[in-house]
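Asker: Here the protein sequences come in this chain order: A and Y. Start counting at 1 in the first sequence, then tack on 111, and there's your number in my numbering. Start counting at 1 in the second sequence, then tack on 148, and there's your number in my numbering.
FYI, nobody ran anything at the bench for these hints, they're computed from the structure. Each residue gets a CB set at the ideal place from its N, CA and C atoms; glycine is no exception. Incorrect hints may have been included.
[To be verified] Straight-line distance between alpha carbons at most 25 Å, and here's what the computed SDA-like set of lysine to any residue pairs gives:
| hint | chain 1 | residue 1 | chain 2 | residue 2 |
| --- | --- | --- | --- | --- |
| 1 | A | Lys288 | Y | Lys196 |
| 2 | Y | Lys196 | A | Gly189 |
| 3 | A | Lys185 | A | Met167 |
[To be verified] Derived list of chain A stretches under chain Y, where covered just means 3 residues or more per stretch with a C-beta under 8 Å from a C-beta of chain Y:
| hint | segment |
| --- | --- |
| 4 | 161-168 |
| 5 | 187-197 |
| 6 | 236-250 |
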Amino acid sequence: MARMKFICDAERCIECNGCVTACKSEHEVPWGVNRRRLVTVNDGKPGERSISVACMHCTDAPCMAVCPVDCFYKTEEGVVLHDKDLCIGCGYCFYACPFGAPQCPQAGAFGLRGKMDKCTFCAGGPEEDHSVAEIKKYGRNRLAEGKLPACAEMCSTKALLGGDGEVIQSIYKQRVKRRGKGEEVWGWAMAYNRKSAKPEVKV
Amino acid sequence: MSGFRSKYAWKASPVLVFCALTLGLTACGEIDQTAKVDKIYAGKKDSKAYEGTKFAGDKAKWESALVERSKTQNEYIRTDVADVKKPNPN
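Extracted from the complex, chain Y is given alone in its bound form (with noise of 0.2 Å):
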């Protein structure tokens, strides 16, 4: 009895193989997120932040100013530590 057991479990087991890795990888499509349809802006329309009074539209005196204030955030610039290590001349 044991001898025609192992013979049909034997005959059996790639469909077992086929049927169990058919329903475990059923979860692993992965169905698209992604938006079908644009998003659009419905708010108020905002102004550029360069074309107020102070800079009057110009955006690149604008860019270079921001540029210039975010190398304020280096102090490496400011206090060169490089320079203090060098020795005296006197």
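Same shape as in the complex, but just chain A (with noise of 0.2 Å):
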């Protein structure tokens, strides 16, 4: 099997926000932490596009590298996970992070800095299979079930793809053929050459 991968499809998204309440009922993720947000630019004006973050189960992951107290694992899906019980808080993923996922509860009145907690993919955590312990500390195991993330599943426009590598890649392909555009938004010339591959913004 790939590895376990999300991609977003920044054309179909809409912004309902779906994903990140489907995110937040499955797995009773406390208040103030978002495991799942949209980012949106150009906001209101023409060429708005909007994208579903969360995270991204790095290859190379950077939490992974930066944790003083070793306690990110992966799985051999590619799944980038953590044992809350080993986690001190000390936010210095949410540094290492480019896509600022791993977040860190802000409860008590004095803002202390409760155990990260992030998106698992919907794969629990190194608690067993769909006990009480690991919903409370990391939410429901859906890929135990022989199910796919909540939020790319809930999503109503499947803007936002998750599962095998090779199957959403396919599915993108398939997408980008059929609408005669899009590749333009990967590769070198997107990186490096940006004033030829701007899209054009029809008004």
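Combine both chains into one complex, guided by the hints.
Answerer: So, in structure tokens, the structure goes:
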């Protein structure tokens, strides 16, 4: 099996926050923590685009590299998870992550930093599958039920795809072929020659 | 006097260029930032996703279940647009 991956199709995302709600609801994520959130550019202007962002389960995850207590691990499917019992809530992972995925609950009158919480790809954590401890600390383990992350399955426009990297890549490829555009948002030209790769905005 | 200055300035210029390049390029060196010690997970051991009651350790079954579920995200398979465009034979 390939690695588990997310991909968000900015052409389809309608900023409905369905993925955010699905995640909060599925895992009973505490107040003040959003494992998934939406980022919108050019809000209210022509060319507005939204993208759903959470932990991208990096191949070479910076959070793992900086963790002083080594509480991170990676599953066979490439899902980056962590042990909350070991986490000291230092927040290094938050600073290291380019996506701002790790979050520490700010519970308490003095803004105490709780143990880090982040997207688990709906794969739970290092507790017995479907146990009360697992649900309480990490949320539901949908992957062990043979299901995909709730955010991706809930997405009404199927902008957010999640699952086996090879499958979702083929779905996205098919979309690009059908609509005849979208290739320009990836690759060298987009990264290093933005002027020529800039998509036309029709008003 | 001006000729004297220009004569020595011309001779000194390669030295100045060398010094300038040496100083300027010192910032171009990249220090290796790779962690020298391998990070080893220190937490509790986690079971595999397919080791639960539903799949009972059958990895292949679990993988195929996930792949099939992933494919449902493709609405082109669920409702084939190409079929809609086909002319009605009747």
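Asker: Are the hints correct? Go through all of them and say.
Answerer: Consistency of the hints with the structure:
Using a Cα cut-off of 25 Å, the hinted pair lysine 288/A and lysine 196/Y is violated, with the two alpha carbons roughly 36 Å apart. With a CA separation close to 12 Å, the supplied pair lysine 196/Y and glycine 189/A stays within the 25 Å bound. Proximity of lysine 185/A to methionine 167/A is assessed by CA-CA distance (about 12 Å); at most 25 Å being required, the pair is judged to hold. Under the rule that three or more residues need a Cβ within less than 8 Å of chain Y, the assignment of the segment 161-168 of chain A is violated, with 0 such residues.
Given a C-beta distance limit of less than 8 Å, the hint that chain Y covers the segment 187-197 of chain A holds, as 7 residues qualify and 3 suffice. Taking a C-beta to C-beta cut-off of 8 Å, the segment 236-250 of chain A contributes 6 residues in contact with chain Y, enough for the three needed, and the coverage statement holds.
Violation of the numbered hints given earlier is confined to hints 1, 4; the remaining hints are satisfied by the structure.
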